[in-house]
Every structure is written in C-alpha cells, then in structure tokens.
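These protein sequence lines are chains A and B, in that order.
Take the first sequence: its letter number 101 is residue 101 in our numbering, and every next letter is one higher.
Take the second sequence: its letter number 63 is residue 63 in our numbering, and every next letter is one higher.
No lab work stands behind these hints: they were computed from the structure.
All of these numbers come straight from a predicted model, not from anything done at the bench.
Ideal placement from N, C-alpha and C gives every residue a C-beta, glycine not left out.
A couple of the hints might just be wrong.
[To be verified] Capping the alpha-carbon separation at 30 Å, the derived lysine-lysine pairs in BS3-like fashion look like this: (1) A:Lys317 - B:Lys73; (2) B:Lys113 - A:Lys425; (3) A:Lys362 - A:Lys518; (4) B:Lys129 - A:Lys425; (5) A:Lys317 - B:Lys69; (6) A:Lys394 - B:Lys118; (7) B:Lys118 - A:Lys690; (8) A:Lys313 - B:Lys69; (9) B:Lys113 - A:Lys426; (10) B:Lys113 - A:Lys464; (11) B:Lys113 - A:Lys690; (12) A:Lys312 - B:Lys69; (13) A:Lys362 - A:Lys587; (14) A:Lys195 - A:Lys324; (15) A:Lys394 - B:Lys113.
[What the hints assert, rightly or not] Quick list of simulated restraints, FRET-style, between CB atoms: (16) A:Glu478 - B:Gln22: 54 to 64 Å; (17) A:Val223 - B:Arg130: 46 to 56 Å; (18) B:Gly169 - A:Leu5: 52 to 62 Å; (19) B:Gly96 - A:Ser598: 56 to 66 Å; (20) B:Thr149 - A:Lys518: 36 to 46 Å; (21) B:Arg131 - A:Asp123: 35 to 45 Å.
[What the hints assert, rightly or not] Here are a few chain B residues that face chain A, going by a calculated C-beta distance under 10 Å: (22) Thr11; (23) Glu19; (24) Trp35; (25) Ala36; (26) Gly49; (27) Asp54.
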Amino acid sequence: MRGDLERLKKLSMSLEDYERIVQALSREPSEAELYIFSAMWSEHCGYKHSKRLLKKHLNPPEGNAGVVWIDDWGIVFKVESHNHPCAVEPFQGAATGVGGIIRDVIAMGARPIALLDSLHFFDPCSHIYEGVISGISVYGNSIGVPTVGGEVRLDRQFASNPLVNVMAVGLVKHGQLCSAKARGAGNLIVLVGSKTGRDGLHGASFASRELNIETDERPSVQVGDPFTEKKLIEATLEISRLKSLIAIQDMGAAGILSSTTEMAASGGLGLDLFLDQVPLRENGMEAWEILLSESQERMAFVIEKRHEEEVKKIAEKWELDFAKIGVLTSKEELRVFWRNNLVASLPLPLVVNAPDLSREVKKSYPTSSKIAHWSGKVREHLLALLSNPTIASKRPVYEKYDFAVRGKTVKPPGADASVLYLEGKKGIALTLGGNSRYTALNPQEGTKAVLFEACANIVSSGGKPLGITNCLNFGNPEKEEIAAQFYNALLGLEEGVKILRIPVTGGNVSFYNESDGKQIPPTPVIGVVGEVEDIEQIPLSYFAHEGDLIYLIGRSSVPKNSASYYLSEEEPAERAFAEVGWEECAKTLEAMIGLVSSGLVVALHDISEGGITVSCAEMAIEGMKGIKISTEIHPFEEYPARFIAEVSPSKVAEFERCLNDTYIEHARIGLIEGNHFVWNGETIKLPDLKRAYHFLESFK
Amino acid sequence: MRAAVIVFPGTNCDSETYEALQRSGFQAAYVWHDWASLEDYDLIVLPGGFSYGDYLRPGAIARFSPVMKAVEKYVSDERGIVLGICNGFQILLEDGLLPGAMMRNECGHFICKPVALKVENTQIFAHIKRRVILYIAHSDGRYIADRKTIKKLEEHHCLLLRYEENPNGATDGIAALANENFTVIGMMPHPERSTASYHLNLDGLEIFQAIRRWIHARRS
Chain A
1 MRGDLERLKK
11 LSMSLEDYER
21 IVQALSREPS
31 EAELYIFSAM
41 WSEHCGYKHS
51 KRLLKKHLNP
61 PEGNAGVVWI
71 DDWGIVFKVE
81 SHNHPCAVEP
91 FQGAATGVGG
101 IIRDVIAMGA
111 RPIALLDSLH
121 FFDPCSHIYE
131 GVISGISVYG
141 NSIGVPTVGG
151 EVRLDRQFAS
161 NPLVNVMAVG
171 LVKHGQLCSA
181 KARGAGNLIV
191 LVGSKTGRDG
201 LHGASFASRE
211 LNIETDERPS
221 VQVGDPFTEK
231 KLIEATLEIS
241 RLKSLIAIQD
251 MGAAGILSST
261 TEMAASGGLG
271 LDLFLDQVPL
281 RENGMEAWEI
291 LLSESQERMA
301 FVIEKRHEEE
311 VKKIAEKWEL
321 DFAKIGVLTS
331 KEELRVFWRN
341 NLVASLPLPL
351 VVNAPDLSRE
361 VKKSYPTSSK
371 IAHWSGKVRE
381 HLLALLSNPT
391 IASKRPVYEK
401 YDFAVRGKTV
411 KPPGADASVL
421 YLEGKKGIAL
431 TLGGNSRYTA
441 LNPQEGTKAV
451 LFEACANIVS
461 SGGKPLGITN
471 CLNFGNPEKE
481 EIAAQFYNAL
491 LGLEEGVKIL
501 RIPVTGGNVS
511 FYNESDGKQI
521 PPTPVIGVVG
531 EVEDIEQIPL
541 SYFAHEGDLI
551 YLIGRSSVPK
561 NSASYYLSEE
571 EPAERAFAEV
581 GWEECAKTLE
591 AMIGLVSSGL
601 VVALHDISEG
611 GITVSCAEMA
621 IEGMKGIKIS
631 TEIHPFEEYP
641 ARFIAEVSPS
651 KVAEFERCLN
661 DTYIEHARIG
671 LIEGNHFVWN
681 GETIKLPDLK
691 RAYHFLESFK
Chain B
1 MRAAVIVFPG
11 TNCDSETYEA
21 LQRSGFQAAY
31 VWHDWASLED
41 YDLIVLPGGF
51 SYGDYLRPGA
61 IARFSPVMKA
71 VEKYVSDERG
81 IVLGICNGFQ
91 ILLEDGLLPG
101 AMMRNECGHF
111 ICKPVALKVE
121 NTQIFAHIKR
131 RVILYIAHSD
141 GRYIADRKTI
151 KKLEEHHCLL
161 LRYEENPNGA
171 TDGIAALANE
181 NFTVIGMMPH
191 PERSTASYHL
201 NLDGLEIFQA
211 IRRWIHARRS
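The shape of chain B in the complex, shown without the other chains:
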C-alpha cells in the first residue's frame, strides 16, 4: 500500500510521519508541494508543521499550492484516503475538504504535551482500544463549528477522537473528525510520535494501522 507525505515549504513533521507510515506497513514517499498528480497513492498525508510560515492563518496559504488541486481531485475521484495531521488538518479546513475552522488555543499559547483521547466507535477506529494517549503540539488547535454542523457530524459518526481533558477549548473536545464518506480525516494530535519502541507508547501505530485496514476494507 502506497502513501504520499506532502511537503510544503515550512512542513516540519515530514520525516517522522514518513517513518511512522513505514512502520505501519505503508510504502511511503515524499511529494513536493508543486506536484500535480497523486493517482499512484492509496493514502495522502498532509503532515504537521508551519506551511508557508503559517502567516495570515495556519493553512491559509498552503491551500493554494498546486498539490492541493491534486488532493481535491483525489478526493472527488474517491481514489483513496486523505489524512491531515495538525497543520495538515488546518489546511484541510481552509480548503473546505472538512467542515469547521481552527482557532487560537483558549490559553493563548503553544502547548506540547501528551493528552488522553477517547476513541469514538466509528467505522475506522472500531477495532482499536477506546482510549489512546498521543502528543499534541499546536498554537491553533481549538476546533470550532456551528451546532448544526456538529450535530450532522455526530449523526454520521464522523467524530473520531475527543480530548478527555480539553486542552485548547475545542468545541465538544473534538480532536479528530472525518468527512461523511470517511475519505478525508483531520486530527490535531500527532500519531506519528507514538509509533516506535523508544516513543511514549505505540498508540499512534494503532491509529495508522486502523487507517490501513480501512483503506483495505473500502477496496473489497
């Protein structure tokens, strides 16, 4: 199974995301932000970082990158799964591939720490443990959406992860979500930082492997 790690100028979680994908059974490759075609890949990952310096708003400039046109086409063709982590999630929101928006953390500053997350019983994560501990590392991680959107996300079981103790003021403690047909996933925590024996834990590996199984299930 092939996975692309998209690299924008300012992306900085590319190498550990690449390694995490390899550990999770994907054949990973870096794709530079000016690339036009993503047809060869089963999974597209937009990794964390500060694309284009996050100037203006996180993700606001990256969404105009040539590769995002290819990502949009990839999604509308239902070619595979798109996963945005942290800054990648912010880009997906800016691009409108996921509903809602990201605001500054309620505390007003950057937070880096491991947090406990409740894993919702969804199609993707049905078979992994119900509680994972993953790193968060962001200044702008407060997910917001209007009540109607949240309700719709809930009805379609699109909410994937929720914070046990809300660290950033996100609406309903939402930490990760998917679109309605589960082809676009956005998450603020960093699963790639929990995939090696020398990491805090291996909870991130479970997340990536669940996504791999989901790609497989969609195919058959």
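Next comes chain A alone, as it looks inside the complex:
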C-alpha cells in the first residue's frame, strides 16, 4: 500500500499523516485501519488546525454541548455547520444539519426546545436558498422543535459556498445532565435508532477539503427522516433517565467509529466493536463502511453490563432498532471484529488524537479613528438599505418555520433575540449571528463586534447574556492568509469574552469552505443564551406610543467603519475597521440591562447594519408609527453597543439620571409623532419604507 498516492488522495490523507501512522504502529495499517485514520484524523473529526488553539484561547469545557444554568435548569446549546452537504444537496444537507445538532443536545439528556440558523447565501432565487430553507422547515417542524431565530445574509461571496450553521438549544433539570464519558471495563456499548447504510460515507473527509462539485467521487449526502428522529428524541430521553445509563454520544461524522471511540477514550478505556451486530440497511457492506457510515438518526449509549434489556425495551416501544455493538475494555485499545476476523487493532490514544497542525499566524489589520460625517439627505440610502436582502424583513423565511410549537415562544422571531418561557416569571433569550463584512475587514476586531452585537440582541430582548457558543467558518487553513484570519478571530473572541466576562461553553470549526478557487470570507458565527428575569419587562421592539421620546444610547460621534453597509458600493482606497472602545461598549450593555429591569424603556432595539436610520425605520414600520428625528448623528454609520430606545415622558427624568450616574453616553434625538418618518425635516412616507423593508415577500 505504501506509495499508493492515488488511494491516499481519495481518502484525503496526506503522505505525512500516512508516514506518522506507519511509524507509530511500526507496521503498515490494514485497509480498515487506514479508513479509521482517514476519518478520525480528518479536519472535521480531528480538529487538526484548531484543537490546540481553541483550548489555549477559549478553553471550553468538554461535552457534546455547552451548558449554562438558570436556577435549577440547565440550558444546553451548541452550533454546528453543515456547509459542504448543503452546497451539494441543499434540502437534505440542511435537514440532516438540523437532525445532527438536535442529537448533540439529547446526548446531554436535554429536551430540545429551540433551533436557530445562521444562513449565508447569495441569491434568494437560487435552488440553494430555497432548498436549505425548506430542508430546515420540513425537518424542524416535523420533530416539533420551534425554529425561533437566526439570520439570513446574502452576499456574493457565498454564491458557491453557502454557510448553514444550526444552533440547537435544550433544557435539562439539574441532576439529569448526561455525560459522554464512559466508565467501567466490561460495560456495554449499545446502538439505538436507524439501520446503518452506505449514506454519507467519507462525510468527515469530504468536509475536510475544498469542495469540487465536478468530480464523480463525491460522497452521497445523508438523507434525513424526521419521524425517526422524533422517536429517537423521546427514546433517548427515556434511556437517559435509567439508573444503569453511563454515557451517551450522538453519531455524527464518522458514525459508529467516532462516537464509540470518543466515549471510551474520554474515560481512559479501550473498546471492542463487533460489527456483525450492527443492523444493516444494505447487503455486502465492508467493515470500514459500517464504521464510517453517517446514516442518520442513531445514538450510542454506554450501559452497565446486564442492563441492556432496559434499553431494548424502550427502543422497542419507539419502534427503533437496538443492538449491542461493543464492550469497554481496560486496555486503551480499539479492536474491531468483523466476520470472525480482527480487522483493526489500534492504540486508542493514537486514533483519537489527530496530529496538531495549528499555527499562530499573527497579523495586524487596519483600524481607523477618523470621525465619520454626513450632511446630505437620507431617503435614497435608507430605502436602498431597507431593501438590501440582508437587512430586509425575513418574515417570508421564518413563517415557513413553526416558531411557536411547544407553546413557550414569548418573543417570536423578527427583531433582536427571541425569548422562550422557562418558569415563574423567567425566560430564556436566544440569538445567533455573524457578520462577514466585519470579520473579512478585520478578523480580530470584527469578531469582537459580532460578539457584542449578539449580546446587544439579548439585552434588547430583556436578557442578560449567560454564555456563548460559536461556529467558526473559514477557508483552507493550510493557506497562510486563512491561518492568520482564524488565529486573529480567535484572539478577538478571547478578548471579547474577557471584557464581557462571559464564558465560552463550546464551539465548532468549519474549514475548507472553498470551491472553484473561491473562498468564503472569514465568518465566525456566535450564539448567545441569556436569562430574562421577568418576561413581563421585555421591551417592545417597535415604537408604540405617540408622544414618547426617542433616545440614542451609546456613542453618538463614531469613527468611519469601512465595513458599514452604506459604503457597500464604494471602494475606498484605505479600508479600515472602526477603532472601538470595547470597555465602554461593555459598560453600555451592562447599563442597558439595568434600565430594562427597572422598566424605564417602552421599546428597545439595537443598532446594527444600516446605523440609526435603519433601526428607527424598523421600529416605525413594525409599530406603524410616525416619528420626528432631529440630530447631527451620522444616520448610517455602524458602531457596536448602541441602541434606540422609546421612553415615556413620565420616566424621562429617571431614565436620564440612571444613564448619567453610570456615565453612559446618550442623546435625545426625537419623538413619536404623526404619520411620517421625518429625518431632520426630510419627510419619507411610512408605506414607502414598508415596501422597501418587505422586499423579500416577492420571493415567497
């Protein structure tokens, strides 16, 4: 097999990795063994270019998903990408993306309560756009988990490399949290769920290289069955409450192989796998195909020996397949048996610890402190911004998702973070977002801005950020430029969470988002979970009462930011990200949490793409209220941690006192009045704004 470069190429394995394997084993690997390494050492499973750096800079706790706590409730959440499959088969790619991340949440023993998606496309008429959205709709709706938020961004740079990042959120009572750590040699590994077929073979290595749509050898994308998933959710939650249950792991990339080896390895044990026991969907499958299959809707459990009947009974109730497929051993070794032969026998630490290829490529990206000015009219720019597909209302998208199933949706999608009811007066605020314009211009500062924007969304919806997760989407990390983007984005995230004093509970990395020589801009996507103390205090996200005053909170005079939307068509000679006072931004967020809980704002909306005019217009359109604004503040410039607030005249004194006491900059910019949108004397009719903002309705 030595020198069989074609074969290695087909497995996306480098010659260096092959030589490492031969050296470590002091022998040539068998065919099955080579396939095992090709999957476990792929970027997708092995995190070769990221694992060390993630640990060093973010150090998230281990586990299938992150957890934050509100009283006795654990909120479990994680984001995962399904970018490559969606480029090939948008509908199934998105559907199985939803299914996969849901299984991460149930593996923690948590009931899935919400989904959010961050979607990056180019063309709202494309089959990718339509396929992904219907894939999410069909799968998410069928399993009865509300899709409550996320984002849809449209940018030319995602034309052939769409990004589909899905966040799942689950709820688990204290004491019922499950782990993925095996213990006790002699205990059993069992499989529950669908039969195993040839679908999704090579999925892990497929996602670990640049995409080439033209080649014939592309793997089949997995096919999802939401009905089986729904049964698997219920069965897994029942199994998770068994006293004899030790560990749970979902079967994602590299299916049986990675789920079982990860559980055993994290417990410092080894395992024997008996592939003849695995219920198969097709005849004539090879050992490696069974190991690597990414057939959907399967879970792996470690159960105390002699207790497997308890699991079997639950599987039978839910009409799911059950099989005893392995046993834990005390020696840290992976042994695979197939047709009475030992087809693989490998040291487990070698299998689960892929070589570290990460690099710390520091690079400085320009920032600018030059203050932005504006003196012209706003109408033309404002209408163009509102009808920009990234900014325009996403109602035609989220109405295809059942965002209210389970009956806990307090604040539906549409503006800022969504809120779900928890218990008593408490709620859970959720958001997920990225901004590739920012992170492309300056990965470090841009990533901080994405983080602050996500937290501002939580604050606008009456929440206090508790923890964050992330999905880091980049191009080919073997390239110097991409390695620099990744490293600097990580540094930005590390600095950001330190300033905000908020933990990173987990994350996911997606590299090799490239095809036809085109790569995506660096796109870290950040998900935040927040606690809402009192759901009755959640501010409105639209203007409500004539006569109320309109305030800008946050910095009024801001530096020019070349990533701002109003500059989208310009190509300035010197492109630079705004110089941002992050400590001051963090203080603003903190002060806003206080203002909201004191009930001092009627409505609140954070300022993001398009600056203060777009935020005001969104609030006017949704509330169907005219406003009159008089201000020198730049109408379109973007800067983090800024808000538009509606304050009732009776609360103005207290509102201002609170902000003055905490030294938070604020400015009264106008009031709610009449039927028109009036900006420094320039009148725009509300229906004109509305038509622009609901531009995507025509793509239903």
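With chain A held as given, fit chain B onto it using these hints.
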C-alpha cells in the same frame, strides 16, 4: 372533567395541549396510541404534529392506530366530545369522522403565523367573542369538500371558524367545523398556543372553556 390527549408516534403538540387543557379547567392525561379504552374521559383531544411522520398523507396512517377504534366507539356511543387540532383534524377527516378532506396549502409550503378568525354563531361558540386571533402552523390546511357537503354543514350550523383572510385556499375560508350532533370537532388553528399570560393572547382559552361548557350543557 377529564380530558385525554392522544399521543401517536410523531405527535408534537402534546405537552402544550395538556397544559392548555389544565388551564381551561380539565383534568388532563396522556393516552398512548395503543390504548383501547377511552370510556373514562369527557373530552378526547387529538393534538397537532406529524403522526407517523405524515408519510403518505397527513393522518393517513394514524387512523389505523388501535386508539382510533376506541375513538370511533367513543363517538358512536356518544360518550363525550372529540376535538382534533391540526394533525388531529386531518386524522378525523381520514377516519371519516368528519366530512371533507385536507389538501396542500395553495402557496405550496408550510405557514406559521397568527391569523384572525371569524367565530360563527353556533351552539358551541355562541357565548364567546366573534373574532379570535390564533396561530396556524401547517403545510396541509386547505380544507375541501363538495358543494353539497358544505351546504349541509352550513344548514346544520356546523361551520365553527372561518379565516378572515384565507391563508391556505380552504373552501369558503373554513378553519374549523363539527359533525351534525356537535360531538366531533376539527380545527386547523392551534388554540393551545393562546392560553397563557405569556402567549400572544388568551383567545384559545375561550375556545377550550366554551368546549367545556358545551360538554356540561350536553350532560344536563
């Protein structure tokens, strides 16, 4: 008053329906789809979801579930009221307990949004407000029936709710209906999503409470 929430594999509106029934003064219980007897209950609710994945046609497989035999007997014995919501309505149509059929939405895709409904002046809903706003959430909510059937339903005042703005192309905007003796009710909107203080409104609570009063009235 006791209410059963029937759970098929693939049902997914069971927990909020259970909670809504409790809020409306019922003593609710879950009943698994293989259950054979429903004699103990005053109200049987077939909740929303995707029973058996809605493969083939929504409700087409669920109607063969053992519990549906019990539901049929419950109806023919006039033991109490059967309420089908969304997928439950689809199952009742497939089972023939209500007339007509359900087709794919005219727009061709799933729709989730609150919609305004006109409450018809019928025996059940005579004493609640004439306009309610409830969530719809379905792909297959276009109710169809031939003219003769519709006419008969109208004559017997069996049409309960109509959409103000028809979202799915349903015949005459029909959103909910009952059989002739008002023991079987089917509705596409989700009243259970409008029963708590943190919901959009409490219009669903009025619907459930009206049904409770109707059960009471039939008894005396």
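*30 Å limit on alpha-carbon distance, applied to hinted pair lysine 394 of chain A and lysine 113 of chain B*: 13 Å, holds
*asked:* For the restraint on glutamate 19 of chain B, tell me whether the closest CB of chain A is nearer than 10 Å.
replied: 7 Å, holds
*Regarding the pair lysine 113 of chain B and lysine 425 of chain A, is the alpha-carbon distance no greater than 30 Å?*
25 Å, holds
_Pair hint lysine 362 of chain A and lysine 518 of chain A, alpha-carbon separation not exceeding 30 Å_ = At roughly 23 Å apart (the allowed maximum being 30 Å), lysine 518 of chain A and lysine 362 of chain A satisfy the hint.
*Does the Cβ-Cβ separation between valine 223 of chain A and arginine 130 of chain B fall within 46 to 56 Å?*
Hint holds: Cβ distance 48 Å, inside 46 to 56 Å.
_Given the hinted pair lysine 118 of chain B and lysine 690 of chain A, is their Cα-Cα distance within 30 Å?_
With a Cα-Cα distance of about 27 Å, the restraint between lysine 118 of chain B and lysine 690 of chain A holds, given a limit of 30 Å.
*When the nearest CB of chain A is found for glycine 49 of chain B, is that gap smaller than 10 Å?*
6 Å, holds
*threonine 149 of chain B paired with lysine 518 of chain A, Cβ distance criterion 36 to 46 Å*: 58 Å, violated
*asked:* Need the status of pair lysine 317 of chain A, lysine 73 of chain B: alpha-carbon distance at most 30 Å?
replied: Judged against 30 Å, a Cα distance of about 25 Å means the pair holds.
*Measure nothing beyond the straight line between the CA atoms of lysine 394 of chain A and lysine 118 of chain B; if it is 30 Å or shorter, mark the hint as holding.*
28 Å, holds
*Quick one, are lysine 195 of chain A and lysine 324 of chain A close enough, alpha carbons at most 30 Å?*
Distance of about 13 Å is within 30 Å: holds.
*Using Cβ atoms only, decide whether alanine 36 of chain B comes closer than 10 Å to chain A, and label the hint accordingly.*
17 Å, violated
Hints 20, 24 and 25, counting from the list given before, are not met by this structure.
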